[in-house]
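Asker: Now for the letters of each chain:
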Amino acid sequence: MNPAVLQIRQHLTRPEFELSIDIAVPARGITVLFGPSGCGKTSLLRCVAGLERGARGVVRMAGEAWQDDGARKFLPTWARSLGYVFQEASLFEHLDVRGNLEYGLRRAGNAATADSLRDIIDLLGIGTLLTRRADQLSGGERQRVAIARALATQPRLLLLDEPLASLDHSRRYEIMPWLERMRDTLSTPMLYVTHATDEVARLADHVVVLEQGKVKAAGPLADVFNAHDSPLLFGDETGAVLTGHIAERDERWHLCRAAFAGGSLWLRDVGLSPGSKVRLRVLARDVSLTTSKPQHTSIQNCLPCRVDALVADTHPSQALVRVACGQSLLLARITQRAVAELGLQAGSQVWAQVKSVALIE
Amino acid sequence: MTIDSPALQAILLTIELAGLTTVLLLILATPLAWWLAHTESRWRTVLGAVVALPLVLPPTVLGFYLLVALGPHGPLGQLTQAMGLGLLTFTFSGLLLGSLIYSLPFAVQPLQHAFEAIGTRPMEVAATLRARPLNAFLTVALPMARPGFITAAILTFAHTVGEFGVVLMIGGNIPGKTRVISTQIYGHVEAMEYAQAHWLAGGMVVFSFVVLTGLGLLNRRHRRVLM
Amino acid sequence: MNSRFIVRKVIVQIAFACSVAIQANAAEVNVAVAANFAAPMQQIAAAFTQDTGHAVVLSFAATGSLYAQIVNGAPYQMLLSADRKTPARLEEEGLGLGGTRFTYAVGKLALWSKQPGLVDQEGEVLRTGHFEKIALANPALAPYGAAAVETLTNLELLEQLQPKFVQGESIAQAFQFVATGNAPLGFVALSQIYENGQLTEGSAWIVPASLHAPIKQDAVILANGKDNPAATSFAAFLQSETAIRIICSFGYVCQQQ
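Chains as they are written, first to last, in my numbering: chain F, 1 to 361; chain R, 1001 to 1227; chain D, 2001 to 2257.
The hints are simulated quantities; they were obtained by calculation from the structure and are not laboratory data.
For clarity, every value in this text was computed on a predicted model and none was experimentally measured.
For every residue, glycine included, the Cβ atom is placed at its ideal position computed from N, Cα and C.
Wrong hints could be hidden among the right ones.
To give an idea of the interface, some chain D residues facing chain R are shown, with a C-beta separation under 10 Å as derived from the structure [said to hold, decoys possible]: (1) 2062; (2) 2086; (3) 2165; (4) 2170; (5) 2173.
Could you put together the complete structure from these sequences and hints?
Answerer: This is the structure:
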């Protein structure tokens, strides 16, 4: 069981808006604050950071009171051990990437060291960008630097406010694997604000659903998804993105094989030479599941996987299943009847049949 | 015809006055502009209007009120006398004070606009990176507002060099103390010594042009690096 | 009083706006007037209009500024200068009509303080008084300033007092320095502190005419006013009994010729 580490009880009144929240955030993994725009999720994040003046209540992080109105305690933002990634990267334009990274590092005291910064630079793959200025970075690179800058202070809590919202489609899929890596590598708990369902599906361990300043549902991803009146809406475009490289080409059939962590997929040969890095998009509606290895099928791509989580989809007949294929995750959209007939549950061994793979970019 | 020594004296005095005014005003205007840019107080509009007043008042009027206020019966004059400073009229300090007031909006407004353009976000980012407010101001807001500081410095310096009405009113035309280029030129024109007036005025135009162009180029280069 | 405080160009149109319709032969004259003569001028112009029906348009400024305007084509038909030099120069340059120059007023210099009793009737305060500053008009620009310097030279006090000088660019400004108390005393024009034959406030010493050359103010009809009957008529009026009485009451020398 994952014990709570962050306790948030906040009340904030604004003209035409009221936020009233009481939640506990688990010590590990990503907790997504989900809801439509205007529901108060960003305000809540700002309350936790101490950026929202006028918020009343309690914020307690691992036993340390960041705010406790009863005890008349309020730590200013700079005294709270947190990292904050804003919607726009908000890099300091007068500094280069290294200057941005070291800004927080120098002020964080002993917890952060040059060694840990090197790890973070590796984790987010920004080693080649260090001498660039903010204006010489792409949107995706800027956001990765902003995340690294927030992590560089070795915070006890990482807050992310729609870090992908300002990016276009392909940039979002460029960042997502880095976030997944962070989730799997770091022990730092993360509060992640988004209104995009695919981010919830791919990143969330826990979900808090907000509506009009109040908590509508909260709990582990699967619980919240499976609740009868699941407030989560998944569009047609829900899917997973895999990164890998071209492993071989079959010139006779005009196909090529892309290998990624945990398997490989055949797709149309577009002329890329072996070794080329590629990113693949697999939509949930193009993935079907079988419990035994499929034979005599037209579908060329079959991957052995393990069911990670099951959630209810928009329509009551549908389900979304998250499956782990090696170190990669895929989403499958199948009917609830199929889930029942196959007896799927978390941990089940399945074969994922992938009907269509798209090359991103 | 060459620049004679009274003219040289006036030129040096003008540069000293404009330079000191610029340095002092940038120091004084920075906190004021920051407050104006970020406060939600209802006094903001009032104080903003007060800062802008020297823009609308004719300089001779401003100078006349300064003459009265700094005089022995004026509030400022009584204050300076009580502080043991004596009267500031007809002194370089008095001229400096007049210039500070006269050029105040030219320092405050560019800074205020620069701070407003930066917004609150960079300061919030700095706070989440453990920077205390003053430290965040010095390491983030100030460097980001650099174009604003350059503009403020150019305008304040140029405006003080061209200052005339206030100096005329509270200066007293004392060589080496309160006789600056603009009053020197005025004196030449009134005495119909047009040749000397042309030399000084021409020199002033060239000097101002060079300063403004130079700082403008600096500003542009800096902007290009930033954008 | 305000026109004395702020040297600024004021245009006053005095029209014969009473009950009668404007006479058929009425003309208009544009007169440029030295700022220090503004107050008597308005009275004289009003009297002139009443007498003749001609309108007078007045522009006030420092003499040097008026000269620069005239040289550059300002539409004045007559100049009332604060000195003798400027009308003479204009005549030389062909901008003033030959033979039309005349002295319309002679100024009186006064040492004045706002403080009653500070300035004695003999001007001894210059020798004995403990004051830090003494105001006067810039001698290079203003005849009153030159007269003040001449007076001090004759009293053999110039060297001693020069470090205490604060100079106004015009006699109006020298007056302001003393009126606001920024200078305890100073040389001003008697016309600035004199009303209806007596001192308005403070203490003053009227400097004897023997201590400096007369401060003569000359007028000249300008090339523009050549065929203007109103200009000729106004020049004559300035030397009439009525005008002399007005000028005298404002603290100028009461001349009888």
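Asker: With reference to the structure, classify each hint as holding or not holding.
Answerer: Each hint tested on the structure:
1. Because the smallest distance between the Cβ of residue 2062 of chain D and any Cβ of chain R comes to about 6 Å, under 10 Å, the interface hint for this residue holds.
2. Look at residue 2086 of chain D: its Cβ gets to within about 8 Å of chain R, closer than 10 Å, so that hint holds up.
3. Given the 10 Å rule on beta carbons, the hint for residue 2165 of chain D holds: about 7 Å separates it from the nearest Cβ of chain R.
4. A distance limit of 10 Å between C-beta atoms decides the matter here; for residue 2170 of chain D the minimum to chain R is near 8 Å, and the interface restraint holds.
5. Interface hint at residue 2173 of chain D: satisfied, since its Cβ lies 7 Å from the closest Cβ of chain R, which is below the 10 Å cut-off.
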